[in-house]
Amino acid sequence: MDFIAEALPPMLWAAGNTVWISAVGIALGLVLGVPIAVGCEARRAWALTYVSFFRGVPLLIQLMLAYYALPFLGIDLPAWFAATATLGLCCAAYMAEIIRGGFALVQKGGLEAARLLGLTPRQILLRIRLPIALQAMRPAVINEAILIVKASSLISVVGILELTRSAQAIASSTFEPLPAYALCGAIYLAMNLLLMMFARGRPA
Amino acid sequence: MIQALNDSLIAAAQGLPMTLALWLGGVAIGIVAGFLIGAVRFFAPLALTWPLAALVEAVRGTPFLVQCFLLYFGGPFIGIDLSPVVAGLVALSAYGAAYFSEVFRAGFMAVPKGQLEAARMLGLSRPQTVLRIMLPVMALAVLPSLVNLAVILIKETAVLSIITVPELTFRVQGVGSATFAFAETTLVLALVYWALTEATSWAARGLERRIERRMAA
Amino acid sequence: MNPVLQVRALERRVGDVEILRRISLDVMPGEAIGVIGPSGSGKSSLLRCIAGLDPISGGDVLVEGRTAKPGDGAIGMVFQQFNLWPHLTARDNVALALKVVRGMPAKDADAKAEAALTKVGLGALGARKPAALSGGQQQRVAIARTLAMEPRVLLFDEPTAALDPELTTEVLDVIRTLAASGVTMLVVSHEMGFVASLSTRVVFLDHGVVVQAAPPGEVFGGGGEPRVKTFLKTYLERVAWTKDA
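Chains as they are written, first to last, in our numbering: chain B, 1 to 204; chain X, 1 to 217; chain A, 1 to 245.
Hints are not guaranteed to be accurate.
Stated by the list, open to error - No more than 30 Å apart at the CA atoms, straight line, and that leaves these computed lysine-lysine pairs for BS3-like:
| # | chain 1 | residue 1 | chain 2 | residue 2 |
| --- | --- | --- | --- | --- |
| 1 | X | K113 | A | K112 |
| 2 | A | K69 | A | K107 |
| 3 | A | K99 | X | K113 |
| 4 | A | K99 | A | K119 |
| 5 | X | K113 | A | K233 |
| 6 | X | K113 | A | K229 |
| 7 | A | K99 | A | K112 |
| 8 | A | K69 | X | K113 |
Everything labelled a hint here was simulated from the structure, so no lab data went into it.
Model the full assembly from the supplied sequences, consistent with the hints where possible.
See the structure below:
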């Protein structure tokens with residue numbers, strides 16, 4: 001009990017960082033995911049390579065690339081920025097696949113009807129395809145959000161203070177890694193259960 | 001720079017066998033354990049299976065890195081004192097088992113009810129129905145998901161470097177620490193993993209196509 | 001002659017809903033009973049209760065005087081969705097139960113399966129998996145699979161409802177041939193012309209009650225029951241509309 005009283009406040013504070021880093025990552029992923037999904041559908045090489053790279057390379061290595069290789073190229077970004085951006089770029093590759101799956105569910109007839117009514121391709125994308133696809137994608141997007149919250153723990157490796165990093169710090173300062181990591185896991189679990197409830201709570 | 005790349009490649013070649021062994025071991029144990037968990041959760045009454053369900057959700061709801069830390073650093077406090085390699089294999093297997101179990105459970109649920117009713121009408125016993133109808137039908141349905149998960153597990157092996165398992169990432173990072181050529185070593189790592197996941201995905205697609213062809217013959 | 005199938009005061013309730021209300025029916029050997037009626041009238045439920053797939057709330061189902069259980073070989077069923085096992089070839093679909101239920105040696109079972117497939121006109125396609133067969137062919141394999149077990153009574157639950165119109169004929173022809181060769185059967189179908197020409201008796205079901213059970217001439221001839229007449233009129237307007245009608 002003493003341990004929880006001592007460790008919980010700093011961990012919850014750090015969990016706040018996890019939440020906003022994940023939120024930015026997911027938002028970035030959703031926004032970037034749309035053009036990438038469109039690019040993939042058109043079989044554009046850049047889009048296919050993007051998805052293949054960010055899905056094929058472990059996120060840990062991607063983070064290390066942003067942390068080590070960018071400065072090497074003369075691009076010096078704050079660590080938290082590089083890490084959050086990497087999370088978002090990686091998320092975008094997965095979101096693109098989800099959006100593509102959502103697009104596939106939109107029936108061709110509806111699009112042809114829109115075209116015959118004179119909607120421009122842009123209007124068709126924004127007013128017909130995306131809304132229908134988003135509706136169908138919601139469970140997959142929530143699922144991806146949960147994966148991103150979990151994946152954000154890897155950001156601890158490049159020294160950013162989020163939930164996992166705070167658990168590490170507490171584990172080494174108190175010499176009680178077992179309760180520290182158990183508590184840390186419980187907080188992640190609670191966050192993800194909340195996300196899942198959000199997925200189920202609202203009717204589609 | 002050439003030197004650093006060269007050293008990284010050598011370290012990668014040295015670390016690759018460990019990565020592949022952990023991956024194959026984790027996938028094999030994960031599939032067997034996941035199948036058992038999925039089968040118990042499907043066939044046993046809910047009252048008996050909820051602890052198993054809670055365990056699966058706990059593993060699926062927490063980061064793999066935290067699980068590794070819990071097992072490797074927390075384990076010794078409750079008498080589970082594992083070497084990095086063993087801890088890594090256990091963690092990877094458990095993580096895989098939780099996800100595989102969900103795939104198998106979904107597979108069992110997806111076997112069309114009518115196909116089981118047909119078996120019942122023809123007089124097949126329950127064990128015969130499970131063995132000769134449910135399992136093969138389920139196996140075909142879940143195969144793509146199993147392969148997909150296996151590819152995801154390759155990437156998770158990189159996380160094991162953080163608990164000092166001497167696999168691909170750990171070895172190549174070692175070169176980085178010794179030479180400070182972090183950019184080159186990380187680039188080599190990225191390319192090696194990329195090649196690895198692309199190769200397995202490619203092999204998986206080939207396998208899927210072959211099975212589809214056989215099913216449509 | 002004793003009835004081969006006796007349905008006595010059969011009842012099925014799910015919660016408060018009465019799906020079948022005290023249905024009684026005797027089927028003589030060699031009879032082909034056509035079961036018709038509006039959607040939700042309980043036609044499929046009746047077959048599933050006779051087969052033992054759905055639990056009954058009252059009454060009994062006897063085959064040759066004994067209570068039938070699913071799988072005892074007395075009753076065979078052909079489903080709307082074929083329900084072939086996708087991992088087995090057509091021949092293995094037919095032979096599996098012969099081997100593992102009847103304990104037949106593999107060679108004999110395969111030969112018998114081959115014969116059953118030939119009977120439904122698919123002797124050449126035994127090595128194909130279901131996915132490589134058309135819907136009509138799949139349903140014929142399903143019929144062969146049931147036939148090979150030599151049940152006393154065959155139940156057909158809307159056997160052509162999942163098929164494209166042009167594929168129904170081959171399945172209906174197989175069923176017709178079986179009926180002509182003396183196989184006792186109950187057929188639920190919306191193909192009225194087929195039911196009229198096939199059946200020795202037609203049972204009209206509505207809200208879980210047998211409204212009329214009579215030779216097809218009487219049921220389709222326009223005599224009697226107003227509910228039956230309304231049903232048939234609606235049906236005819238749909239499938240055979242003419243300007244004068």
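Enumerate the violated hints, using their earlier numbering and listing them in ascending order.
The structure breaks hints 5, 6; every other hint is satisfied.
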